[in-house]
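S.K.: If you want the building blocks of each chain, they are given just below.
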Amino acid sequence: MYHKGMKWSFLCVVLFVLSVIWSVQAVDATAATTSVIRLVVPFTPGAGTDLTARTVANGFKEVLGKTVIIDNRPGGNTRIGTSIVAKAAPDGNTLLITNFTHASNPTLYKDLPYDTEKDFIPISLVNGYAMMIVIHPDLPVKTLSELIEYAKSKPGQLNFSTPGAGTPPHLSMEMLKSMAGLDIVHVPYPGASQAISDLLGKHVQVSAMSPLAIKSLVETGKLRAIAFCAAQRSPVFPGIPTVAEAGVPGYELLSWHALFAPAKTPKNVIDRLSQDAMKVLQSPAVTKKWDEMGYLSKASTPGETAAYVSSEIKRLGKLLTSLNIKGE
Amino acid sequence: MEVFHNLIYGLSVALSLENLAYCFIGCLIGTVVGVLPGIGPLATIAMLLPITFKLPATTAIIMLAGIYYGAQYGGSTTSILVNLPGETSSIITCIDGYQMARQGRGGPALAIAAIASFFAGTVCTVIIFLFSPPLIEMALKFGPADYFSVMLMGLVIASVLTEGELLNSLAMSVLGLLLGCVGMDMGAGFERFTFGYVELTEGISFVTVAVGVFAVAEIIRNLSNPSEQESFTGKLTHLLPTKEDLKRCAAPIVRGTALGAFFGVLPGTGPAIASFSSYMIEKKLSKDPSRFGHGAIEGVAGPEAANNADAQCKFIPMLTLGIPASATMGLFLGVLMMQGIAPGPTVMVKNPDLFWGVIASMWVGNLALLVLNLPLVGVWVNILRVPYRLLFPAIMLFCGIGIYTISNSTFDHYLTIIFTILGFIWTKLRCSPVPLMLGFVLEPLLEQNLRRALLLSRGDPTVFFTRPISLGFMIATILVLVMMAIPTLRKRRGQIVD
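If you're matching them up, the sequences are chains A and B in order. At position 52 of the first sequence the residue is numbered 51 (numbering that gives the first Met the number 0), and the sequence of numbers has no breaks. At position 65 of the second sequence the residue is numbered 64 (numbering that gives the first Met the number 0), and the sequence of numbers has no breaks.
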């Protein structure tokens with residue numbers, strides 16, 4: 000019996016090793032074939048950008064019948080995954096999907112291992128998103144202007160939680176603080192989940208969160224949503240005003256996801272990718288998903304995207320410098 | 000009565016043929032994944048995400064949850080057999096589990112791990128059914144200062160109770176804390192001890208340290224000691240625990256389950272502290288603490304129960320508030336969001352089949368794992384009959400593949416080599432790597448909560464003694480230190496008097 004068991008266990012082991020090696024090779028081999036795109040995601044599985052990437056990959060499969068493989072290369076505030084794509088073969092088979100960290104990193108880090116504008120050709124914006132400003136319902140305020148008044152009466156006494164320095168929630172709050180002249184203390188957390196749980200536990204009073212993540216908590220009265228950071232209202236919370244409507248005119252902090260190819264990719268390949276991306280991103284299959292997930296649908300030509308990204312680098316650079324947020 | 004109704008409803012969802020099949024598949028994949036170091040449930044679930052698009056949300060989550068707790072079961076298998084902790088939570092199982100295997104008692108060790116996990120899983124399923132809302136209210140009361148005090152208590156107790164010189168183990172835990180500092184600092188974004196390597200910005204991966212210090216260092220030790228190589232092949236006795244074993248383990252399993260459930264409900268505690276505390280408590284309560292570290296079966300049973308209870312109760316914050324306690328849980332929420340379901344308290348009302356079905360499937364999954372694992376004990380133990388000259392290259396191969404999968408780069412291999420050398424030196428110097436591992440795992444949590452607590456108190460350190468929860472843990476920490484110090488002081492005084 001022992002002998003039989005041993006053979007079986009060995010067979011299992013061998014099969015498993017082979018399958019693992021095969022799957023690792025499958026990812027590496029994608030550069031050589033033409034029909035499979037390897038999409039590098041510089042975030043961990045489950046992060047917002049990862050979910051966006053997987054929705055896009057699913058869209059490529061459903062709309063065009065093309066296979067896109069997700070390759071998560073997290074770390075270094077997106078620098079690791081981004082530099083992998085900067086060095087990848089420029090044949091259109093390795094692409095990068097990243098968020099607006101791509102445009103804030105040149106300000107945050109003086110020695111990036113790549114040139115944000117010269118080493119990439121933007122293909123298209125993928126979607127846009129913004130944060131919802133939320134407070135604990137025990138706070139004696141109901142609207143943004145009341146919160147501003149309350150915070151002004153207690154300078155330096157309120158706290159806001161974020162998933163880390165330089166993230167969209169952090170920038171959204173800092174911009175609100177500077178435009179409304181508030182003194183609220185930033186308390187960073189390693190992720191959105193702990194930032195939410197400490198808001199629920201009243202250890203902090205204010206936060207900015209992605210609308211879908213807090214929808215259920217707002218509906219059950221555990222949190223109160225007071226204002227949305229984009230220029231238009233959120234599809235998830237049509238009843239909640241924008242920050243600009245609620246008393247801080249001119250305020251907007253929109254975050255985005257975009258697709259990039261390595262710089263030397265031939266023009267005809269970029270054109271083909273751009274057409275494919277347009278078809279996928281404008282298909283109902285994908286736009287319906289964005290609505291459900293609380294994203295704003297976006298799609299743009301390579302030229303428009305490049306202009307947008309370089310304007311974002313300038314805008315975020317100015318914002319980060321004025322707020323004195325540094326990387327290293 | 001309503002609970003009973005929910006239970007029946009949940010079971011009816013979980014026991015539908017499709018869900019049952021996916022639950023079983025999930026458990027099976029999870030077990031295999033847990034056995035391999037590196038490829039954790041997170042990477043596996045990410046790979047399987049495209050499949051879940053085609054499944055109903057309930058079925059998808061049931062399968063993914065199966066992978067999650069299947070990995071907890073699988074992680075202990077390699078810890079016991081070859082001193083290779085597959086998951087963070089199974090480091091502690093290495094200590095006595097591996098010693099049991101060397102004494103030819105690998106079968107009972109594996110079996111008791113499965114039984115303890117099953118018991119904990121069953122109890123926690125009931126806890127989730129009955130007490131989720133009040134438990135989460137309690138958990139939210141824990142602020143940064145309170146988390147810091149709990150972690151500090153865990154670290155101090157672990158260093159104090161580890162085998163060997165007190166000074167050695169304190170030094171090792173401080174070294175662990177330093178290793179944990181490597182990487183990007185969370186508040187200001189400064190890079191610490193990265194020496195310009197972008198790969199180090201996210202910190203040193205747990206797997207490289209665990210594989211180097213435990214598994215590979217052990218292989219080197221075995222190879223340098225030819226007489227020991229065949230030592231555990233000859234004397235395999237029985238596969239299942241004896242009555243005596245079960246009697247010894249009953250109380251540790253219950254205590255482990257309670258501890259695991261407590262830490263599991265707190266979303267910010269990480270995976271290691273439950274199993275570490277359980278081990279330390281069992282050692283302290285044991286009539287003969289000297290057996291610990293030399294193959295004490297309680298040292299496997301308690302931590303394994305704690306580990307599984309912790310993993311299971313981590314579902315409470317996720318199911319009731321939509322707050323994921325780990326990256327893997329975050330991925331579950333991602334799956335829900337991609338199906339257009341907003342995670343949080345409304346899930347129970349809007350998608351009751353999802354809520355109660357997933358909870359009921361946990362118990363079904365634990366049962367499936369027990370049924371799956373007990374017969375496998377015979378198969379696993381047979382691996383130890385493979386001659387060591389064949390076994391060790393196979394272990395090395397697994398470690399190599401596993402480490403590559405952490406971030407798909409060879410950088411981690413170099414780190415593992417460094418930790419192997421260090422681990423070997425530490426073994427020779429009789430410095431236990433266990434407090435080092437706990438320090439390493441707890442550092443980010445300790446540091447972040449310390450800084451956050453001080454930020455919230457505007458720099459006032461008395462916050463750790465004015466918040467009631469924090470004060471309680473601080474007093475407990477001091478009591479433990481005093482309890483440990485008194486016998487030593489008495490002995491010293493005795494020596495002086497003599």
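Quick caveat, the hints were computed from the structure, so don't treat them as lab data. Some clues are possibly wrong.
[Claimed, not checked] Listed below are the simulated DSSO-like cross-link pairs for lysine-lysine, each with C-alpha atoms no more than 27 angstroms apart in a straight line:
no., chain 1, residue 1, chain 2, residue 2
1, A, Lys60, A, Lys153
2, A, Lys60, B, Lys53
3, B, Lys140, A, Lys65
4, A, Lys287, B, Lys53
5, B, Lys53, A, Lys221
6, A, Lys153, A, Lys117
7, A, Lys141, B, Lys140
8, A, Lys201, A, Lys221
9, A, Lys153, B, Lys349
10, A, Lys221, B, Lys140
11, B, Lys53, A, Lys278
12, A, Lys287, B, Lys140
13, A, Lys117, A, Lys263
14, A, Lys313, A, Lys86
15, A, Lys201, B, Lys53
S.K.: Compare the structure with each hint and give your call.
M.R.: The hints, checked one at a time:
1. The hinted pair formed by Lys60/A and Lys153/A fails the criterion: a straight-line CA distance of about 53 angstroms is larger than 27 angstroms.
2. For a cut-off of 27 angstroms, the pair hint linking Lys60/A to Lys53/B stands: about 13 angstroms separates their Cα positions.
3. Distance restraint check for Lys140/B and Lys65/A: the Cα-Cα separation of roughly 49 angstroms exceeds the 27 angstroms cut-off, and the hinted pair is therefore not satisfied.
4. With a C-alpha separation of about 16 angstroms, the suggested pair Lys287/A and Lys53/B falls inside the 27 angstroms cut-off, and the hint holds.
5. Annotation: proposed proximity of Lys53/B to Lys221/A is violated, straight-line Cα distance about 33 angstroms (limit 27 angstroms).
6. A hinted pair counts as satisfied when its Cα atoms are at most 27 angstroms apart, and Lys153/A with Lys117/A does not qualify at roughly 47 angstroms.
7. Only pairs whose Cα atoms come within 27 angstroms are accepted, and Lys141/A paired with Lys140/B is accepted, the gap being roughly 24 angstroms.
8. Between Lys201/A and Lys221/A, the direct Cα distance comes to roughly 11 angstroms. Compliance with the 27 angstroms bound is thereby established for this hinted pair.
9. Using a Cα cut-off of 27 angstroms, the hinted pair Lys153/A and Lys349/B is violated, with the two alpha carbons roughly 39 angstroms apart.
10. As the CA atoms of Lys221/A and Lys140/B are separated by approximately 14 angstroms, the hinted pair is consistent with the 27 angstroms bound.
11. Distance check on the hinted pair: Lys53/B and Lys278/A sit about 22 angstroms apart at the alpha-carbon level, within 27 angstroms; holds.
12. As the CA atoms of Lys287/A and Lys140/B are separated by approximately 39 angstroms, the hinted pair breaks the 27 angstroms bound.
13. Between Lys117/A and Lys263/A, the direct Cα distance comes to roughly 10 angstroms. Compliance with the 27 angstroms bound is thereby established for this hinted pair.
14. The suggested pairing of Lys313/A with Lys86/A holds, with an alpha-carbon distance near 25 angstroms, which does not exceed 27 angstroms.
15. Simply put, Lys201/A and Lys53/B have alpha-carbon atoms about 39 angstroms apart, too far for the 27 angstroms limit, and the pair is violated.
Checked against the numbered hints given earlier, the structure breaks hints 1, 3, 5, 6, 9, 12, 15 and satisfies all the rest.
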